[in-house]
Every structure is written in structure tokens, then in C-alpha cells.
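J.: Spelled out from the first residue to the last, the chains are:
2 protein chains.
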Amino acid sequence: MVKIFGLHSIPSVQIGDNIGNLIVNAVRLHNVQIMPHDIFCVASKIVSVSEGRQVSLAEVVPSEQALKIHAQVPRKDARLIQLMLNETRYQDGSRLSITDGFIGGWMPNGMFLTSAGVDKLTSKSAILLPNDSDQSAGIIAQTIKKALGIDVSVIITDSEGRPDKRGATQIAIGLYGLTPVREENNRSHTKTSRAAETLCDLIAASAALEMGQRDAGIPVAVVSGLDYTYNTKARISDAIN
Amino acid sequence: MVKIFGLHSIPSVQIGDNIGNLIVNAVRLHNVQIMPHDIFCVASKIVSVSEGRQVSLAEVVPSEQALKIHAQVPRKDARLIQLMLNETRYQDGSRLSITDGFIGGWMPNGMFLTSAGVDKLTSKSAILLPNDSDQSAGIIAQTIKKALGIDVSVIITDSEGRPDKRGATQIAIGLYGLTPVREENNRSHTKTSRAAETLCDLIAASAALEMGQRDAGIPVAVVSGLDYTYNTKARISDAIN
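Chains as they are written, first to last, in this note's numbering: chain A, 1 to 241; chain B, 1 to 241.
Mixed in with the good hints, there may be bad ones.
Identical copies carry no separate label here, and so any pair may be met within one copy or between two of them.
What the hints assert, rightly or not - Quick list of in silico lysine-lysine cross-link-like pairs, DSS-like style, CA-CA up to 30 Å:
hint : residue 1 : residue 2
1    : Lys233    : Lys145
2    : Lys76     : Lys120
3    : Lys145    : Lys3
Treat the hints as calculated values from the structure; they're not laboratory data.
Starting from the given sequences, assemble the full structure and let the hints guide the process.
T.: Next up, the structure:
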């Protein structure tokens, strides 16, 4: 049996905060029992905020390319589009994909994310994804290990939708401690074939059941009791095509 | 807290089997405690098999359009492509989308599915999705209600991947008993905005943690303890753009 519970009392995160410490404090406050290999799912937004990934839009000057894309998708602020170009690391727009007013971006690590992971934070600011979400996950896991003496895994999560469905689900954008793709021999057919599952995304989605909507105030959930391969060398790139 | 557990001892499903009865038998055999509004996630494949949605490929004659698409994507059997055309209900291919050797299909209800939901079953046969997955879900829920006297929800699930990630996750293609999109006022900003979540897909993905890989032998999982809106009028189309 797998259990999922939200971690309450994580305070509003500020720049420079140590997310691992905030999690440990919340675990102690509520006397939550953490088991070896429990998986902490952490919303990318609080990680980004702690790492100072906020950008004041007043300081962003859109390039000609950004203005050109803005003309195609007028509802998207040209300065946000400039940040998307920056995040893909290709200023010519060749790593942005625009269809029916939707802008997706191919990240340097091969992930394809809505708006290249750029979110509006307030009317005057935006927030970018953590620079290296695997590294952020590792630091959080090591902080928890140091405080509680227990090996845990960490997944950094982000909201992502499907073009055909209303609303968003949640996927993994960085991780520490777990092999992100689950593969096993398919035993039901005579001929052995293989089926692979994006385990990290299944876990991120299940955590969202308790984390609730974006900004609902529960940015961390714990997935407990899952049988998976604990692997401190794993990276999100292991799950990327 | 949300709990997810796989339902063991569901036998290999045959055409004409009553899936609701097979579930009730497994619940009784293992003395599983079912709570009101538990959500049964059921792999579409066993529903399709029970409903006789297998197709012998020997009986499929590919049209000119199917052969034309086959020439574009040679690794896909032209007869499977013909079934995809049938499933989208547009023989001219206008509801299939072909990119980089990937074929996706827009279903009549607006869902976009890999291969229009057509899967190879054996070298000589294919399997199509249930004809009306909401209806299939409702029949299963009502069978469980009748046997156990408890209102439950049912989600029919299917494997679906993302273009950037290895492996598949699981989404909802039909449902009974739950409002599939979760929306709430966003409380963290001064200005009230709304964030929506595709709850049915989050539940389907979380069930996959216990159902395991396609054909792993656990085609039913139960999601228990989730606070959601029980709604017998809900349909998957409520979650479709």
C-alpha cells in the first residue's frame, strides 16, 4: 500500500531559506513519522523562490525575436517571452514551439515544458525554474538525512497540462534518490516484451492529490510505502528521451 | 491521507465477463475494507476485452488513406492505422496527427490519444478502447454498489506518455461518480485567481503506482481517503477542452 500525505506548516518561503530545514521543522512540529525511502515531493516554486529565481519584469528588455513571437501570441507579455528564450538558451526561438497560442519550450536538458517553465509571479515579476533541480533535490535530501538520520528521496515537481484536457497535472523536473523509469519484463504474453513507466511523473502526480492546487499552501507531500529502486546516482535526465 | 492499494486476484478477463463482479469477488476473497467514495481505477484493457473490443487483423482491409499514412510511418501496420482512422471516425485522416513517426488521434469526444487508443494485442489482433468508457465505469460502480451497498467512484484508465519523457504514465478516459476537474480560489495572491487541476488524471496516475506496468497482472487499484466532489452526473467530457 502507498500512502500520500501533505506536510503542513511549511511557512511562506523567502529568498535564501533552506527548504530542507523548513521540511525538517514541519516534520518535527507535527511529529510525522518518516520511514526510510519515503519520497518528499516539493513544489518547484518554493525551491525557485529560495534560490532567488524571481525576475523583475522591469529589468527585462525583449529582443526583436521576443517581440516577433509576442505578435504571434499577443496575450503573452513580450518580457515573459524573452525569459522563455533565455531559459531554452536559444535566442533565435528555435527551441520554442508555438501552436494555437500555446508556447512550449525545449529545456537544455531535453524536457518540454509549458512556457519553458516561466511563470508569472505578480503583475511585475516572473519566476523561473530552479537552475539545476536535481541538485536542489539532492541538497534537500541530504539536509533531511543529516537531521533525521534517514535516507529519503526527493522529487521537485511542476504543473503541466495536456492539450486535450482542462486543468493541470504534476510532473517531475528534478530528483534525488530514485531510478525514475520503472521497467519490468512483461509476464502476460508468451513473448517477453517490456513496458516502461515514467515512475517519477506518477509519483509527482500522486503527490498533487495532497498538495492541491498551485499555491494552495501545501507545497510538500510525502509518498510512503512505495517499492522502488533507491539510487543516489539517478538524475531526471534518465527519464528524458 | 490518501491510500492506494492494488486489488489482487482479478482473474484473466474473457469476453462477456462482468468486471464489477470480478472486482466484488476479489474484494470479498481478500476481505478488503471498502469505504464510501473509494475510487476504483480499472485498466481500460480488461474492460475492452470484456466488451469484445478485440479485432482480428486478418479481417481489416486498409484503405488507400491508411496505406498512405503507413508509407509515412512504416513501422505501424497499415491495418492498425485503418483501425485508428475508424476510431477517430474520419476516414480522411484529418483527425490523426503525425509527427516524427508518432501517430496521435483526436477521439470523437475530444481526447487526444496515442494511436487513437488502438493497441496491438497479439501479432494477429488489436484491441480498441471501450466504446463508451463513462458508461462502462457506471456499470462497474453500480455492480459494486449493489453487492456491497457502498457508493463508489470508478475511473477507466489508459497508458499515455509525454513526447519528452521515457515510459508511460496513466490518464483517465472514462469515469463515474467524481467531478474530474478540481478548481479552487487561489488564496496566496491578493488578487483572486483560479487554478484548475485535472483531478481524474492525478488519480489515474497515482493508481498506476500499484497497478504497475501494462499487463503486470494488477488491473485494478483503489484510491481511498481522497476528499473530492462525489457527483454521479460527471462525465469525462467535463475534463476535456
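J.: I'd like to know which numbered hints this structure contradicts. Please list them from smallest to largest.
T.: Nothing - there is no hint that the structure violates, so all of them hold.
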